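Chains as they are written, first to last, in the working numbering: chain A, 1 to 332; chain B, 1001 to 1665.
For the record, the hints were derived by calculation from the structure and aren't laboratory data.
Values in this document were obtained by computation on a predicted structure and should not be read as measured data.
It is possible that part of the hints are untrue.
What the hints assert, rightly or not - Quick list of in silico lysine-lysine cross-link-like pairs, BS3-like style, CA-CA up to 25 Å: (1) B:Lys1172 / B:Lys1080; (2) B:Lys1618 / A:Lys69; (3) B:Lys1340 / B:Lys1234; (4) A:Lys69 / A:Lys192; (5) B:Lys1608 / A:Lys229; (6) A:Lys68 / B:Lys1618; (7) A:Lys76 / B:Lys1608; (8) B:Lys1608 / B:Lys1618; (9) B:Lys1618 / A:Lys76; (10) B:Lys1618 / A:Lys102; (11) A:Lys68 / B:Lys1252; (12) B:Lys1618 / B:Lys1323; (13) B:Lys1256 / B:Lys1340; (14) A:Lys29 / A:Lys7; (15) B:Lys1350 / B:Lys1323; (16) A:Lys251 / A:Lys287; (17) B:Lys1321 / B:Lys1141; (18) B:Lys1282 / B:Lys1171; (19) B:Lys1350 / A:Lys102; (20) B:Lys1282 / B:Lys1184; (21) B:Lys1256 / B:Lys1172; (22) B:Lys1171 / B:Lys1350; (23) A:Lys229 / B:Lys1618; (24) B:Lys1234 / B:Lys1295; (25) B:Lys1053 / B:Lys1172; (26) A:Lys69 / B:Lys1608; (27) B:Lys1232 / B:Lys1350; (28) B:Lys1664 / A:Lys251.
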Amino acid sequence: MQTVTTKSLCERAASLLGEGTVAAVLGWKRGEFDYDLTPAVFTAAEELTEGFIYNDFSGANLSKYLLKKTREIDGKILVFLKPCDTYSFNQLLSEHRFDREKVYAIGIPCSGMADIQKIRKIVGEGITAIEACENSLLVHTLYDDEPISVSCAEVLTERCLNCKSKKHVAYDELIGDEGEVLTSNRFDEVEKIEALSADERFAFWQNELSRCIRCNACRDACPACTCEKCVFDNPNSGVQSKAPGGEFEEKLFHIIRAYHVAGRCTDCGECSRVCPQNIPLHLLNRKFIKDMNETYGEYQAGEYDNQRAPLVNFSLDDPEPSDVVKGGFDRA
Amino acid sequence: MQRIGVFVCWCGSNIAGTVDVHAVAEALKTESGVVFSTDYQYMCSQAGQDIIKNAIHEHSLTGIVVCSCSPRMHEATFRKTAAAAGLNPYMVEIANIREQCSWIHKDMLSGTEKAIILGKAAVAKVNLNAPLTPGQSTVTKRALVIGGGIAGIQTALDIADAGFPVDIVEKKPTIGGKMAQLDKTFPTLDCAACILTPKMVDAAQNENIRIYSYSEVTEVGGYVGNFDVTIKRKARYVKEDICTGCGLCTEKCPQKKVPNEFNLGMDNRRAIYIPFAQAVPKVATIDADYCTMLKTGKCGVCAKVCTAGAIDYNAKDEFVKEKYGAIVVATGYNPISMEKFDEFAYSQSKDVITSLEFERLTNAAGPTSGKLLRPSDGEHPHKIVFVQCVGSRCENCAEKGKEYCSKICCMYTAKHAMLIRDKYPDTDVYVFYIDVRTPGKAFDEFYRRAVEEYGVHYIKGMVGKVVPEGKKLLVQASDLINGKQLHIDADLVVLAAAIEPDKSARPLATMLTASMDTNDFFTEAHPKLRPVESPTAGVFLSGCCQGPKDIPETVSQASAAASKVIGLLVKDHLTGNPCIAQSNELMCNGCSSCERVCPYGAITYEEKEFRMPDRTTKLRRVASVNPAVCQGCGACTVACPSGAMDLNGFKNNQIMAEVDAICKM
Chain A
1 MQTVTTKSLC ERAASLLGEG TVAAVLGWKR GEFDYDLTPA VFTAAEELTE
51 GFIYNDFSGA NLSKYLLKKT REIDGKILVF LKPCDTYSFN QLLSEHRFDR
101 EKVYAIGIPC SGMADIQKIR KIVGEGITAI EACENSLLVH TLYDDEPISV
151 SCAEVLTERC LNCKSKKHVA YDELIGDEGE VLTSNRFDEV EKIEALSADE
201 RFAFWQNELS RCIRCNACRD ACPACTCEKC VFDNPNSGVQ SKAPGGEFEE
251 KLFHIIRAYH VAGRCTDCGE CSRVCPQNIP LHLLNRKFIK DMNETYGEYQ
301 AGEYDNQRAP LVNFSLDDPE PSDVVKGGFD RA
Chain B
1001 MQRIGVFVCW CGSNIAGTVD VHAVAEALKT ESGVVFSTDY QYMCSQAGQD
1051 IIKNAIHEHS LTGIVVCSCS PRMHEATFRK TAAAAGLNPY MVEIANIREQ
1101 CSWIHKDMLS GTEKAIILGK AAVAKVNLNA PLTPGQSTVT KRALVIGGGI
1151 AGIQTALDIA DAGFPVDIVE KKPTIGGKMA QLDKTFPTLD CAACILTPKM
1201 VDAAQNENIR IYSYSEVTEV GGYVGNFDVT IKRKARYVKE DICTGCGLCT
1251 EKCPQKKVPN EFNLGMDNRR AIYIPFAQAV PKVATIDADY CTMLKTGKCG
1301 VCAKVCTAGA IDYNAKDEFV KEKYGAIVVA TGYNPISMEK FDEFAYSQSK
1351 DVITSLEFER LTNAAGPTSG KLLRPSDGEH PHKIVFVQCV GSRCENCAEK
1401 GKEYCSKICC MYTAKHAMLI RDKYPDTDVY VFYIDVRTPG KAFDEFYRRA
1451 VEEYGVHYIK GMVGKVVPEG KKLLVQASDL INGKQLHIDA DLVVLAAAIE
1501 PDKSARPLAT MLTASMDTND FFTEAHPKLR PVESPTAGVF LSGCCQGPKD
1551 IPETVSQASA AASKVIGLLV KDHLTGNPCI AQSNELMCNG CSSCERVCPY
1601 GAITYEEKEF RMPDRTTKLR RVASVNPAVC QGCGACTVAC PSGAMDLNGF
1651 KNNQIMAEVD AICKM
């Protein structure tokens, strides 16, 4: 359960709308089910009371929506940002992707988001409603008379289990207490894959990526994928026709995408959250982050709003390519 | 649709030896766009070029693929050929089937197969080529020479002599470099100072030469013809223009215990000092690490005795920005550290010295005023052992030494041995060597004189160990020719330490984007045909920064580098490279990735109006490339996530077409 209530956020948003500080509010509303909250724009207090929700399923990172909305809407936009979202927010500012002046950012605390897949594993199918109470979720299903209680900690998403920071790195206003940067075990899974042999690694990714249906959800949700025109949508790029090629379908799509966001990915985990096939796409990005940390020193994309990522930076201390010998087939 | 002609060169037997050139020409005939394909013995010859010209006319060719040697060799040649026949020179592509194919394959079958693939890739690219027209840029008529040793001085003098202004940046307080520390020079035995110092004075007095001594290059921007360089003038705490070089301060300074680096620490100097009598500029410098006044604020003796009032304790580092058309690197060398060579007891005994220390010991201006005395007790040594190749030609000791031959040691050791026997015939001299290498005019004669006329004992074999024992140094060595172990109780051991590029060279190479080899020597554009040019346009190489060299060779290379610089500076305009980056504004995100990786600062951003899908117009931040500054390195095109940035002549789709052509096989 979240420490701030939907009601309190609604009130604050309504007052900012009312006094004219902002022209619109970027938040979350209910989708088809309780657990598929979706980003939404609210322009009036009534809309907020009717639709705005902040709960354990407000996983969507709203920073990316600022790109489009700041261009569409005249006046300031209020955006609610969880700690990890603020990193994407800063990264987008580093890349000059929207006008900071057009945004009023409110940092809100997050005690971790729930993973519906994990809940399903416990309660089974037929979920009709989910209520939050204290440290657990009450899940109503078609088949059970009484709601089933599951502990929030038990059903945290992978990215929240490995939360890298509870600190807001950008905001105009903060609701709740300021958190801290955490030490996480987010590279453990990467290390496990690194330890595999080249063949095993290939088999692992073949198994995962071959499930891809090329719905583009990962790309569309990714706050680093903000190109005016994506290379995969550009027939002149020469990349489009390559994406489905190779030993298993869609391999190149994900590899190219990982390269494109390398150094810019804040590890917000949206790619894996939105994947309908549950492909652990964030592991590709984490491998890049890990390699960059090891090669160029610790770097967290989005920590500040005007950073030079190691891959687009240059210093006399940079290692020579010959010094970086790890990786590829030689790795045991 | 292009009309492409393919021309396969045999390069005599260089290519035809391992590649079936007829088969290549035949196979490429059926490629898309190819209307003519042939092969010839020497495509670069006049007759070969005529074949190309005639084919362009006869078959109305719009593009050309020459399957031959590396484009670095003859791309320019064939571009000229095409231009002479009325074709845009950038419609020419080279498929390198020599360096990248015939020379590395032994088997005709695989060689031919690969040559065909490379040819197909080039054809695929030409299909997408478009005519390009180069722009022009101006040339700043001033040269920069980095390093003020004999190499830098000679280069600067020659450039200045041709009438161009030139600046020398030297990190030490005086120019002169290593040569100023040497005693006599082989093979003619003239004194180093006698031939060097007049040149130093010439440089100082030449009105075209400006010397930035005690200075370092900290930043390099721009490109050939228009380099922007920042020079740090380190605070010397003495006003250069006021100091008369009288030397009074250096006599009165109470801080007497500063190791004198000019004599390699074998004696001491003061905290305020002039490195040596003939220093240029002859100006005192305060060593901030030792000066009591600068460290504690209490002393000020030098300011009191200076009648000119040149001392300025409040001096700060100054940064000068200058524009140059050409840059010459002359950063020189240093002997490697002997610390890791414990077997020779260098760190244990004062009487084990390096050859450069030996130079100072025999120099009249050195710590012993030229008398050969043992550093430990000041006695005259009667038995001296020279050890060659200490750290040179180290095949299995890369962590201590160098794999290469330092080239100068055989000759200077012969010189040292000869000079000792000449001055002190009572002294026995042994030289232990792997090989004696004396290629060079009058070099072998010189070495033979040492052996035959001066009776130096040359022993083939390496010294295994030097053990200090009492006043002696016990030298254990093997005599390979006689198959014997030798034990010599020497008074002095001289180590011919390997030489390595100065430590400042590596960061400088990075600043200049000039390439280096694994030993940190600068790489030349072509080892035989362009030995004094770096592959980076406008950057030239002089002296030991490019490889070990003796003085005659250094001076020749220095003059050669100067002639290349002069050739550049006499031009009013340089024809640019049309293969530069271009941004597609419709796709540009304005994310700054390209700007951040551009080493030339060629990319700026502007707010442009764009029509949105709803027919309103919005301002959007987009990149724009300054064509005069862009050097076509392509870094931006790979940094650009959306592919908005593209490089003319090497467009993303051209590269992709080449890759596709190769992968289709």
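Cross-check of the supplied hints:
1. B:Lys1172 / B:Lys1080: Violated, at roughly 47 Å.
2. B:Lys1618 / A:Lys69: Within the cut-off at roughly 13 Å; holds.
3. B:Lys1340 / B:Lys1234: This hinted pair is violated, its Cα atoms lying about 32 Å apart.
4. A:Lys69 / A:Lys192: This hinted pair is violated, its Cα atoms lying about 40 Å apart.
5. B:Lys1608 / A:Lys229: holds, 17 Å
6. A:Lys68 / B:Lys1618: Between lysine 68 of chain A and lysine 1618 of chain B the Cα gap is close to 12 Å, so the pair holds against 25 Å.
7. A:Lys76 / B:Lys1608: The hint holds at about 22 Å.
8. B:Lys1608 / B:Lys1618: Within the cut-off at roughly 8 Å; holds.
9. B:Lys1618 / A:Lys76: At roughly 16 Å apart (the allowed maximum being 25 Å), lysine 76 of chain A and lysine 1618 of chain B satisfy the hint.
10. B:Lys1618 / A:Lys102: holds, 14 Å
11. A:Lys68 / B:Lys1252: violated, 75 Å
12. B:Lys1618 / B:Lys1323: violated, 40 Å
13. B:Lys1256 / B:Lys1340: This hinted pair is violated, its Cα atoms lying about 30 Å apart.
14. A:Lys29 / A:Lys7: Distance ~13 Å between lysine 29 of chain A and lysine 7 of chain A Cα, so the pair holds.
15. B:Lys1350 / B:Lys1323: Violated, at roughly 48 Å.
16. A:Lys251 / A:Lys287: With a Cα-Cα distance of about 16 Å, the restraint between lysine 251 of chain A and lysine 287 of chain A holds, given a limit of 25 Å.
17. B:Lys1321 / B:Lys1141: holds, 15 Å
18. B:Lys1282 / B:Lys1171: holds, 15 Å
19. B:Lys1350 / A:Lys102: Given pair lysine 1350 of chain B, lysine 102 of chain A is violated - Cα atoms ~73 Å apart, limit 25 Å.
20. B:Lys1282 / B:Lys1184: Cα-Cα ~23 Å, so holds.
21. B:Lys1256 / B:Lys1172: Between lysine 1256 of chain B and lysine 1172 of chain B the Cα gap is close to 20 Å, so the pair holds against 25 Å.
22. B:Lys1171 / B:Lys1350: violated, 29 Å
23. A:Lys229 / B:Lys1618: OK: lysine 229 of chain A and lysine 1618 of chain B at ~17 Å, within 25 Å.
24. B:Lys1234 / B:Lys1295: holds, 17 Å
25. B:Lys1053 / B:Lys1172: The hint is violated at about 57 Å.
26. A:Lys69 / B:Lys1608: Within the cut-off at roughly 19 Å; holds.
27. B:Lys1232 / B:Lys1350: It is violated: about 37 Å lies between the C-alpha atoms, which goes past 25 Å.
28. B:Lys1664 / A:Lys251: holds, 19 Å
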